[in-house]
Amino acid sequence: MTITDLATRIALSASLAASGVVHAYLYVDGYRGIPTIGPAFLLQGSAFCALAVLILVGGPGWLRLASAIGAAGSLVAFALSRTVGLFGFTETGWQPAPYAMISVIAEVLTILLVAATVLRRPSADRLPAT
Amino acid sequence: MSTEHDPAGMTRRQLIRHSAWFGAAVVLTVAGGEVISHIAGSADAAQTAKPALRFAQISDSHIGFNGPANPNVADTFNQAIGQINGLGFTPDFVIHTGDLTHLATPAQFDQVKQMLTDLNTPHVFTVPGEHDSTDDAGQKYRQAFGAGTRGDGWYSFDIAGVHLIGLVNTLNLKKLGHLGADQLEFIEKDVAGLPNDTPIIVFSHIPLFAMYPDWGWGTDDAAQALSYLKRFSSVTCLNGHVHQLFSKTEGNVTFYSATTTAYPLPAPGQGPAPKPMTLPAGKLHDALGIREVSYTKGQQALALKDEKLT
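Protein sequences appear in the order of chains Y and W. According to my numbering, the first sequence is numbered sequentially starting from 12. According to my numbering, the second sequence is numbered sequentially starting from 828.
Take the hints with a grain of salt, since some may be wrong.
Among chain W residues calculated to face chain Y with C-beta under 7 Å, some are [unchecked claim]:
| hint | residue |
| --- | --- |
| 1 | T856 |
| 2 | I863 |
| 3 | F1073 |
| 4 | S1074 |
| 5 | L1131 |
No lab work stands behind these hints: they were computed from the structure. C-beta: ideal position from N, C-alpha, C; glycine also.
In isolation and in its complexed conformation, chain W is listed as follows (with noise of 0.2 Å):
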């Protein structure tokens, strides 16, 4: 074999060697990633053989909702509700996290509430975004989605072993979203009696954390709220309000906000306002989507998937 330096200053068997080096390297990456999804593959299949809880968030349909960034968003949200149909599997219920409609009409309501009749599972629970309550104090959102809540449409509720609260944070609101007394009792006494490993999830139209209080994406006494879940292992909120995918982990407590079937608003900051964004023709549905949720026995952290609208 040749010896000779090459115009870099390398001699052929030096490159073969480094090239050897550098492929040891590629097999031994791939082989300890083969190893680690392996590892993880195993813990999947020992414990979500069938996960013990399967359900689907879709947020923010603004049924009512004109305007060029989306001039049909009844059709976009039929989509979302066609592909959570055929995701394959019932989903054991359906989380709408809020702005159902865009301006609270009995019509909107009706339209939406005939609307999600569609979706093929046993279901759907809803909590209110501020444009399902902006002239009566979420009334008309009560009548259409409230039987069975307390106080202003909260509510909670145990699935396979899951603890889940829908919270409204979208009324008495100031700029960022709002708890209330009557609503941080109900969650202190409603998870008093659980133990520390049951997992907890709960949803809300705006952020229970700080995503951009500028824009009024946050709520003012959500500290108070967490502070009643922090001896809880595993506490998953779910929220919508901010149209875009965004996850954030506090101590136990994960945060992912969820997109929209509607339209798009702007990153955290970029412009004066979260106004609907207009995409370039054909982008709309990238932003626009769905989200699977499943939970494990055993396991700490839920898993989420956020499919595109297609």
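If we strip away everything but chain Y, and leave its shape as in the complex, we get (with noise of 0.2 Å):
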């Protein structure tokens, strides 16, 4: 392993917890009570952290694709909740800020690192790890 593959590891897993960080505290601080939208923020928050911790500790490619999915369906969620409403429940802008605006950052840089390493390996690499 390189530095750069561990960069790019710790990286990813922190970019991953803070996206879950932010949406498990939203989900203390109130948003337990909006129907289908707390469950999905303790999901999201369970779930980011758990990969965080796997694919800092090594886990193999398949959950760093996971990651990316997560992270681009997030994406997808917020942008819904700015636009059509997302099960009813819509919210303007960043806010609550600055949650909203760290948690995007972090999906997204989630994406770009994910993408990095399927592009900087060799397409024999990409097989699954042993």
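Given two chains presented individually in distinct reference frames, assemble the corresponding complex, making use of the accompanying hints.
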């Protein structure tokens, strides 16, 4: 493993943890009272924190792919909540500040880091690790 | 252990390893969820052993409506009242956010007022809907429910450290709801002496946010009213009118539209106009319901629980 690989892994873990912790905090802070959105925040928070830990300790490549898919899903949910609504729930702009922005930045970073990992590896290395 | 490749190109050892990682992901996710729930629960236990304020919201009973969307609105309203009485606690009060009646006749006001006396609560508060003021600018409504109110029926009160404001935005309607200069002045003066950390709850019939202005689902001068509430850390606006659940946050303000006890309306923009929807047999109760609201000292957000009519 190169220093770059290790740095990427740590950065990916940190971005996942940031998004997960923000969602968990918002859940505890009051979002748990919102139907459907509350449980979704709980699931996002716990799943992202779990992925952060597993990727940090060297989990296989598909965990990174799952992270990117989860981050993309979170971004889509964010966009829906600012436009047509998500399960009847809408929010405006970057509210709640600064959590919305932290979460979006972390999720974009997650996708970019996974993309960089995939693009940088030779195709043979993209097979599941043994 | 065999390391032979299976047809998919993965050895049994690899499969076991990946299964272990997957299992770890599931276990950590569940454990993390438990920890987060526990933290939320501890916050609740510390502060919500007994909420400072618990009340129920019902809306849009449309007593007097007669159509295929709900052939017996009195019956479903009675069921809603029974459901509130069966919550397991006595609500500090019950708020009806308008359209108590369908056509604002004296008989319909008498009927709904009589039905509301069945609620097991010390207080019932109301705000008028546009159906309660169809022909007389709300006079019959105020005769029935206007005791102790100001102006055209607005009012405020304090309970358990929370300041509640009942607004009337269904008079002088053009397309959108309207509060008017007198009511705006009332709001400004009403909150002037309150500390910034006082939780504020505002009731109105028509939403104070632009839920769907094309159908009149908004209030043209709400921004002015909300500007007086900007400095407060927690502002919750509860409304009816749209016959469906919807929530939205704008800065310090959270808006919650309630469902109805009478009949559903289409989602915003679904169809040419907000006309009563006739649902398939057995589905009506899923669209109707009541709302339970609780406030705990020290928490910014109110806890809402929307329940379908049972």
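Verification of the hints:
1. T856: 4 Å, holds
2. I863: 5 Å, holds
3. F1073: 5 Å, holds
4. S1074: 5 Å, holds
5. L1131: Interface hint status for W/L1131: holds (5 Å vs cutoff 7 Å).
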